[in-house]
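2 protein chains.
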Amino acid sequence: MIRHEDIGRAVRGAEYAVRGPIVARAQELERQGRKIIYCNIGNPQSLGQRPITWVRQVLALAEYPALLERAPAGLFPADAVEAARRVLAGSQHGLGAYTESKGLRFVREAVAAFIRGRDGIASDPDAIFLTDGASKGVQAVLRLLIADDHDGIMIPIPQYPLYSATITLYGGAQVPYHLVEASEWKLSREVLERALVAAKARGVRTRAICVINPGNPTGAVLDERNVEMVLDFARAHGLSILADEVYQANVWLPGDRFVSFASMLERHALRDVSLFSFHSVSKGYLGECGHRGGYLECRNVPADVMDEITKLQSISLCANSVGQVATYLLVKPPRPGEPSHALYEEERREVLEALRKKAEIVERGLNAVPGIHCNRVAGAMYAFPRVTLPPGVTDDAYCLALLEETGICVVPGSGFGQDPGTFHFRTTILPPMSEIEAVVKRLGEFHLAFTKRHGG
Amino acid sequence: MIRHEDIGRAVRGAEYAVRGPIVARAQELERQGRKIIYCNIGNPQSLGQRPITWVRQVLALAEYPALLERAPAGLFPADAVEAARRVLAGSQHGLGAYTESKGLRFVREAVAAFIRGRDGIASDPDAIFLTDGASKGVQAVLRLLIADDHDGIMIPIPQYPLYSATITLYGGAQVPYHLVEASEWKLSREVLERALVAAKARGVRTRAICVINPGNPTGAVLDERNVEMVLDFARAHGLSILADEVYQANVWLPGDRFVSFASMLERHALRDVSLFSFHSVSKGYLGECGHRGGYLECRNVPADVMDEITKLQSISLCANSVGQVATYLLVKPPRPGEPSHALYEEERREVLEALRKKAEIVERGLNAVPGIHCNRVAGAMYAFPRVTLPPGVTDDAYCLALLEETGICVVPGSGFGQDPGTFHFRTTILPPMSEIEAVVKRLGEFHLAFTKRHGG
Chain A
14 MIRHEDIGRA VRGAEYAVRG PIVARAQELE RQGRKIIYCN IGNPQSLGQR PITWVRQVLA
74 LAEYPALLER APAGLFPADA VEAARRVLAG SQHGLGAYTE SKGLRFVREA VAAFIRGRDG
134 IASDPDAIFL TDGASKGVQA VLRLLIADDH DGIMIPIPQY PLYSATITLY GGAQVPYHLV
194 EASEWKLSRE VLERALVAAK ARGVRTRAIC VINPGNPTGA VLDERNVEMV LDFARAHGLS
254 ILADEVYQAN VWLPGDRFVS FASMLERHAL RDVSLFSFHS VSKGYLGECG HRGGYLECRN
314 VPADVMDEIT KLQSISLCAN SVGQVATYLL VKPPRPGEPS HALYEEERRE VLEALRKKAE
374 IVERGLNAVP GIHCNRVAGA MYAFPRVTLP PGVTDDAYCL ALLEETGICV VPGSGFGQDP
434 GTFHFRTTIL PPMSEIEAVV KRLGEFHLAF TKRHGG
Chain B
14 MIRHEDIGRA VRGAEYAVRG PIVARAQELE RQGRKIIYCN IGNPQSLGQR PITWVRQVLA
74 LAEYPALLER APAGLFPADA VEAARRVLAG SQHGLGAYTE SKGLRFVREA VAAFIRGRDG
134 IASDPDAIFL TDGASKGVQA VLRLLIADDH DGIMIPIPQY PLYSATITLY GGAQVPYHLV
194 EASEWKLSRE VLERALVAAK ARGVRTRAIC VINPGNPTGA VLDERNVEMV LDFARAHGLS
254 ILADEVYQAN VWLPGDRFVS FASMLERHAL RDVSLFSFHS VSKGYLGECG HRGGYLECRN
314 VPADVMDEIT KLQSISLCAN SVGQVATYLL VKPPRPGEPS HALYEEERRE VLEALRKKAE
374 IVERGLNAVP GIHCNRVAGA MYAFPRVTLP PGVTDDAYCL ALLEETGICV VPGSGFGQDP
434 GTFHFRTTIL PPMSEIEAVV KRLGEFHLAF TKRHGG
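Order-wise, the sequence lines are chains A and B.
Counting along the first sequence from 1, when you hit position 210 you're at 223 in our numbering, and nothing is skipped either side.
Counting along the second sequence from 1, when you hit position 204 you're at 217 in our numbering, and nothing is skipped either side.
Do not rely on the hints blindly, as some may be mistaken.
SDA-like mimics (lysine to any residue), calculated; alpha carbons at most 20 Å apart, straight line [to be verified]:
{"hint": "1", "chain 1": "B", "residue 1": "Lys213", "chain 2": "B", "residue 2": "Asp236"}
{"hint": "2", "chain 1": "B", "residue 1": "Lys324", "chain 2": "A", "residue 2": "Glu417"}
{"hint": "3", "chain 1": "A", "residue 1": "Lys324", "chain 2": "B", "residue 2": "Glu359"}
{"hint": "4", "chain 1": "B", "residue 1": "Lys324", "chain 2": "A", "residue 2": "Arg118"}
{"hint": "5", "chain 1": "B", "residue 1": "Lys345", "chain 2": "B", "residue 2": "Glu359"}
{"hint": "6", "chain 1": "B", "residue 1": "Lys465", "chain 2": "B", "residue 2": "Arg389"}
{"hint": "7", "chain 1": "A", "residue 1": "Lys454", "chain 2": "A", "residue 2": "Glu417"}
{"hint": "8", "chain 1": "A", "residue 1": "Lys324", "chain 2": "B", "residue 2": "Arg248"}
{"hint": "9", "chain 1": "A", "residue 1": "Lys48", "chain 2": "B", "residue 2": "Lys465"}
{"hint": "10", "chain 1": "A", "residue 1": "Lys324", "chain 2": "B", "residue 2": "Arg38"}
{"hint": "11", "chain 1": "B", "residue 1": "Lys454", "chain 2": "B", "residue 2": "Gly405"}
{"hint": "12", "chain 1": "B", "residue 1": "Lys199", "chain 2": "B", "residue 2": "Gln105"}
{"hint": "13", "chain 1": "B", "residue 1": "Lys324", "chain 2": "A", "residue 2": "Gly33"}
{"hint": "14", "chain 1": "B", "residue 1": "Lys48", "chain 2": "A", "residue 2": "Arg118"}
{"hint": "15", "chain 1": "B", "residue 1": "Lys213", "chain 2": "A", "residue 2": "Asp19"}
{"hint": "16", "chain 1": "B", "residue 1": "Lys48", "chain 2": "A", "residue 2": "His106"}
{"hint": "17", "chain 1": "A", "residue 1": "Lys345", "chain 2": "A", "residue 2": "Ala37"}
{"hint": "18", "chain 1": "B", "residue 1": "Lys324", "chain 2": "A", "residue 2": "Arg99"}
{"hint": "19", "chain 1": "B", "residue 1": "Lys48", "chain 2": "A", "residue 2": "Gly350"}
{"hint": "20", "chain 1": "A", "residue 1": "Lys345", "chain 2": "A", "residue 2": "Pro90"}
{"hint": "21", "chain 1": "B", "residue 1": "Lys324", "chain 2": "A", "residue 2": "Lys454"}
{"hint": "22", "chain 1": "B", "residue 1": "Lys324", "chain 2": "A", "residue 2": "Lys48"}
{"hint": "23", "chain 1": "B", "residue 1": "Lys324", "chain 2": "A", "residue 2": "Lys213"}
By construction, these hints were calculated from the structure, which means they are not laboratory data.
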């Protein structure tokens, strides 16, 4: 019989706090009848965000094409019907067949057109891979980059644990670089250089740098100069870049805007930096997490390297077809003048406005609590406040107590990484508008009671 | 910039012939305007098999629940509406939310009920994981079993290359055991024992044995005695079993029936053999390959080991929700008396009867060609005939010439493994009934011309 102690270190060592022990405890409490507010994971539709109507209309038609003939006039708008026909024509065999390993070509062409439209740069459908959410794209690229434990991957601290877990699983070396909390979690060239030197000193050859923009868990949004700095750093040291841009539609502050790595790479005509960019249907305003759709775009990546990604995809055949079509719908929304455009825009604005307000409510509410400091929630779906804790208390214990006493489930900073001696937690900004003020209030009350109880 | 030579051996060494170079050549020819008949992959809906209506009706309703209110009476049968309501209630948040890492609980409960009904044995929903197709389940289990290159996994020769590719990718050791072509590709205890001894001699500790039943690429169907033999062998040597049972509904010969490993394990009350069984929505009569749905059931697997599978699933969050629901629909078809039952049964019978006939046509047609010998196509969707080739010619060259001359795309035996000095190819039995006779005929004509031309 298989025994736990026979399982390799790489598997046992991988940790994924977003669904770790505190979440398991939350589920246990929920089974006992407690109401739990899940702020541990960016899962918008689980907290009441409604799907975009147009997306679901097209998916329903593509699943059951008989509706194209049999549905009475008016049940579906004409442009949803047209989009479904394009999907069925483009996929050739409908949603039930394996697709090309790289993903459906018409979807990859639409993704390339989306990137061209977003950034005003060229994009090659043959350098695009459709993946089961962005996670699987990240994992494919890390798989290429890590041959053994001498291969290092730079990851931000704090980071989204997909990165640390996958590097551990593949037997690579984490090369942490700390984001600067005192300057809104921006990246510092000096910190990057130091991290690289430290890695080299322990025999690690660093292969790539991962950047999450807008930041998870930090909520930071990088400006042009920060992106250019990373590109220059990568060029100087021969590193590949993994640009996790799944929150690109989630930028909250007026004056800020999303700056893609691809756009800055092309502006400076860098031809010697390999760039892998990721996007997803799970975030933004679609929030279609369950559909597991996303893409990976490669730039300055040799064809024989891309062929290896294709091969990795082919071993488990292809990304799920529905997620591929959801990606198509993400990058090709209804246009002005089309029947679905008005409702689509209304729903989009509603989701984004609600998130923008909640980002502000969470940030302001947390900063009003003595002992909690929260940077600007400038983007993404999370706040990552620093908490001052009584001596001997960790953020793990703090978050567990928060859960037990209030039913609010957040993830300790330890799951993302943090400067030694500092403590944080990550909370999403996703609870419904009707609850968010109360959640933040309860958090604050808990904090005061907890620190008082522990002599803080 | 990333270079091909920097990519690790494990990635570069992994091979997946079913989508390998011959298929790439076929796609190239197709782009040049040639008609290609893709017999390389078990992708039924790409060759005209139609989806089961009921499955697609429920998926459409679950994607766009407004149809439950707005669709006129008669557009959907009442039981499809009921099933969609169960899906929406069971998933709590619809298809757009991440599910539990293990998969939706109501689906896992339905899978357990399916196994109980199929085999008359107990099944635990907590030991069931929903996966993106069976492939991802197999990969998760192999990930647990392989710590380093001393860990060996027994795989049949010929085998489905998911196994060899994944073992290579994870840095494990393949421990091949040859199926006996002369006895309809059955397993031999003696061969298994010899394979184990040979592995030990080269320093490999064998951890598990993979069995594909019904066989891919062989088409063999194991009987009770063969399954019992494998269980006894695994017990005697402390091996885990991976039972790939995705073709369980594809048994063609009268008198044969599918025998699950779980049923034999329970009949003999074996409590010390860990069993991992896999099933999928891609094969059988659904043929829903694009939806990437499947499950993994564990027996005699300690809770702390299953927790590691949960963790692996959680790193990329969850299997796609639509594939999970498709799995629900696979295991919970309409019952007699319900409105959809008659059509469902008719469609099911039609698919299976067509496949049964085509299995027979392919087998008979190939055996009529001098120099081709084909075992019974007793199950699954493939024939794996042995071809007698002129000296110096390989099955790779043979299959490439077949493609160039006829447009028929099959996979050389080398992609699956074969006894040294023998040559084979794998063809699916999936071309439409209107074409299958012609395909087999052209194959035979090609064989005669090819061997004659090469002095055979």
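Indices of hints not satisfied (ascending): 1, 2, 3, 4, 6, 8, 9, 11, 12, 17, 18, 19, 21, 22, 23
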